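Undergrad: Below, each chain spelled out in residue letters.
2 protein chains.
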Amino acid sequence: MEKTSVKAVQDEYPDDFAWCYGCGRLNEAGHHFRTGWQGEQTVTVYTPEQDHTAIPGFVYGGVIASLIDCHGTGSASLALHRKNGHELGDGAEPPRFVTGSLHVDFMKPTPQGIPLKAVGVVEEIHPKKWKVQTEVFANDTLCARGEVIAVVMPSNFVDKQ
Amino acid sequence: MEKTSVKAVQDEYPDDFAWCYGCGRLNEAGHHFRTGWQGEQTVTVYTPEQDHTAIPGFVYGGVIASLIDCHGTGSASLALHRKNGHELGDGAEPPRFVTGSLHVDFMKPTPQGIPLKAVGVVEEIHPKKWKVQTEVFANDTLCARGEVIAVVMPSNFVDKQ
Numbered sequence: 491m492e493k494t495s496v497k498a499v500q501d502e503y504p505d506d507f508a509w510c511y512g513c514g515r516l517n518e519a520g521h522h523f524r525t526g527w528q529g530e531q532t533v534t535v536y537t538p539e540q541d542h543t544a545i546p547g548f549v550y551g552g553v554i555a556s557l558i559d560c561h562g563t564g565s566a567s568l569a570l571h572r573k574n575g576h577e578l579g580d581g582a583e584p585p586r587f588v589t590g591s592l593h594v595d596f597m598k599p600t601p602q603g604i605p606l607k608a609v610g611v612v613e614e615i616h617p618k619k620w621k622v623q624t625e626v627f628a629n630d631t632l633c634a635r636g637e638v639i640a641v642v643m644p645s646n647f648v649d650k651q
Numbered sequence: 491m492e493k494t495s496v497k498a499v500q501d502e503y504p505d506d507f508a509w510c511y512g513c514g515r516l517n518e519a520g521h522h523f524r525t526g527w528q529g530e531q532t533v534t535v536y537t538p539e540q541d542h543t544a545i546p547g548f549v550y551g552g553v554i555a556s557l558i559d560c561h562g563t564g565s566a567s568l569a570l571h572r573k574n575g576h577e578l579g580d581g582a583e584p585p586r587f588v589t590g591s592l593h594v595d596f597m598k599p600t601p602q603g604i605p606l607k608a609v610g611v612v613e614e615i616h617p618k619k620w621k622v623q624t625e626v627f628a629n630d631t632l633c634a635r636g637e638v639i640a641v642v643m644p645s646n647f648v649d650k651q
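The listed protein sequences correspond, in order, to chains Z and A. Under this note's numbering, the first residue of the first sequence carries the number 491, and numbering increases by one thereafter. Under this note's numbering, the first residue of the second sequence carries the number 491, and numbering increases by one thereafter.
Be a bit skeptical, because a hint or two may be false.
Unchecked claim - Computed spacing ranges between beta-carbons, pair by pair:
no.	chain 1	residue 1	chain 2	residue 2	range
1	A	Pro644	Z	Arg572	43 to 51 Å
2	A	Lys598	Z	Gln531	28 to 36 Å
3	Z	Val611	A	Pro605	33 to 41 Å
4	A	Asp505	Z	Gly529	45 to 53 Å
5	Z	Pro504	A	Asp501	37 to 45 Å
6	A	Met597	Z	Lys497	27 to 35 Å
7	Z	Glu613	A	Glu614	30 to 38 Å
8	Z	Thr537	A	Pro605	30 to 38 Å
Unchecked claim - As a list, the in silico BS3-like pairs of lysine-lysine whose alpha-carbon atoms are at most 30 Å apart:
no.	chain 1	residue 1	chain 2	residue 2
9	A	Lys619	Z	Lys621
10	Z	Lys619	A	Lys607
11	Z	Lys621	A	Lys598
12	Z	Lys619	A	Lys598
13	A	Lys619	Z	Lys607
14	A	Lys573	Z	Lys619
15	A	Lys573	Z	Lys607
16	A	Lys621	Z	Lys598
17	Z	Lys607	A	Lys621
Think of the hints as simulated: they come from the structure by calculation, not from any bench. Computed from a predicted model, the values in this text were never measured in an experiment. Just so it is clear, CB atoms sit at the ideal spot from N, CA and C, and this is done for glycine as well.
Can you make the complete structure from the sequences, with help from the hints?
TA: Have a look at this one:
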C-alpha cells in the first residue's frame, strides 16, 4: 500500500491554519495526516503509533475518529478547490474547512502495526457544507465507516466566537 | 470546577484492559480520562494539552471526540456495574465496554487552556448495549454534543477477530 499521498492538501493550507493536531504540517506533536486525490476518491494513509492502543494489539478508536475527521475536512477542501478551478500545486491556497459533525461506526477491531487507508467520497450538500463518507481499511479489512459534515471556515471564524 | 473524578471507573478496569490511549491508567502516553458519578450523571474532566490544537487557541476536534468516546464507554461501565449491584471501591472489577458507534456535533470552537467537562446520561437499550449522551462544556459554554453506543466487550473479544 502506498504510504502517503504524493500531493496532499494539508501541504498547501495557509500557515495560520497548519497547526491542527491531526493534520497540521507545523504541529510537531501531531499525526500529520495527509489527504490527496486517488481518481475521484480521496485517500489518507496513516500508521498509528504504538501507544495508540485500545486494548493491546488494536488501534484506539479516538485515533480512527481523528483520521476520519481530518480526512473529511481535507477531502472537502480538495473538492471545493477543484470546483473553484484549482488543483494542488497550482499556487492557489485551498479553502479551509471545520468539522460540523463527525460520525463513526466501528465495524471491526483495527489491528496495530499496519498502515490504515481512509478512502473518501465527497458530496456538496450546500456551497459551504460538504459531506464526506469514508471507509477505513487495514489491508483489505473494512474496520470503520465514517461521515463528516465539513463546513467552510468563515474568514472571521475566531473573531466571531 | 473540580479537576478530576474522585472515584473513576478506569482506576478499576482489569490491568489487561487498562492500556487505552484515551483512558488507560497504564498507558503512559495517553490522555488518562477518568470517569465517575456525579449524582445520576457521569462526569469526565480533562484539560487538553497545548499541542491539541485545531487552529491556535482552540481544541482539536479529534481530542474532543476521544473524550466523548472514552467518557461513553466509561459511563456505560459505571451504569452496568451499578445495575450488577456494585459500586466503585467495593472490590469487584467493572465491566469493560467497546465503542460501537460515536457521533459528535461540534457546537462551538472549544477554547484551549481550560478544563473541559463531559457530562453524560446513560440509558440501557439492550442488556449488552448502552447509549450515552454527552455534553462537553468549557466553563459554562456547551461546545460539543456526543452520543456513544457502547457494547459490552465479549470475553473472547480479541480471539474472535
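Undergrad: Does each hint fit the structure? Answer for all of them.
TA: Here is how each hint holds up against the structure:
Checking the proposed 43 to 51 Å range against A:Pro644 and Z:Arg572 shows it holds: the Cβ atoms sit about 44 Å from each other. A:Lys598 and Z:Gln531 have their C-beta atoms about 32 Å apart, which keeps the hinted 28 to 36 Å range intact. At roughly 38 Å, the beta-carbon separation of Z:Val611 and A:Pro605 lies within the given 33 to 41 Å, and the hint holds. A:Asp505 and Z:Gly529 have their C-beta atoms about 46 Å apart, which keeps the hinted 45 to 53 Å range intact.
Range check, Z:Pro504 to A:Asp501: Cβ separation about 44 Å, and the 37 to 45 Å hint holds. Checked against the hint of 27 to 35 Å, the C-beta distance between A:Met597 and Z:Lys497 comes to roughly 34 Å, which is consistent with it. A hinted range of 30 to 38 Å for the beta carbons of Z:Glu613 and A:Glu614 is consistent with their spacing of about 36 Å. At roughly 32 Å, the beta carbons of Z:Thr537 and A:Pro605 sit within the given window of 30 to 38 Å.
About 28 Å separates the Cα atoms of A:Lys619 and Z:Lys621, which keeps this hinted pair within 30 Å; it holds. Note on Z:Lys619 and A:Lys607: the hinted pairing holds, with a Cα-Cα distance of about 29 Å set against a maximum of 30 Å. Restraint check for Z:Lys621 and A:Lys598: the C-alpha separation of about 19 Å stays at or below 30 Å, so the hint holds. At roughly 16 Å between alpha-carbon atoms, Z:Lys619 and A:Lys598 fall within 30 Å of each other, so this suggested pair holds.
Simply put, A:Lys619 and Z:Lys607 have alpha-carbon atoms about 29 Å apart, close enough for the 30 Å limit, and the pair holds. Distance restraint check for A:Lys573 and Z:Lys619: the Cα-Cα separation of roughly 43 Å exceeds the 30 Å cut-off, and the hinted pair is therefore not satisfied. For the given pair, A:Lys573 sits about 40 Å from Z:Lys607 by alpha-carbon distance, which is inconsistent with the 30 Å threshold. For the given pair, A:Lys621 sits about 19 Å from Z:Lys598 by alpha-carbon distance, which is consistent with the 30 Å threshold.
Only pairs whose Cα atoms come within 30 Å are accepted, and Z:Lys607 paired with A:Lys621 is accepted, the gap being roughly 29 Å.
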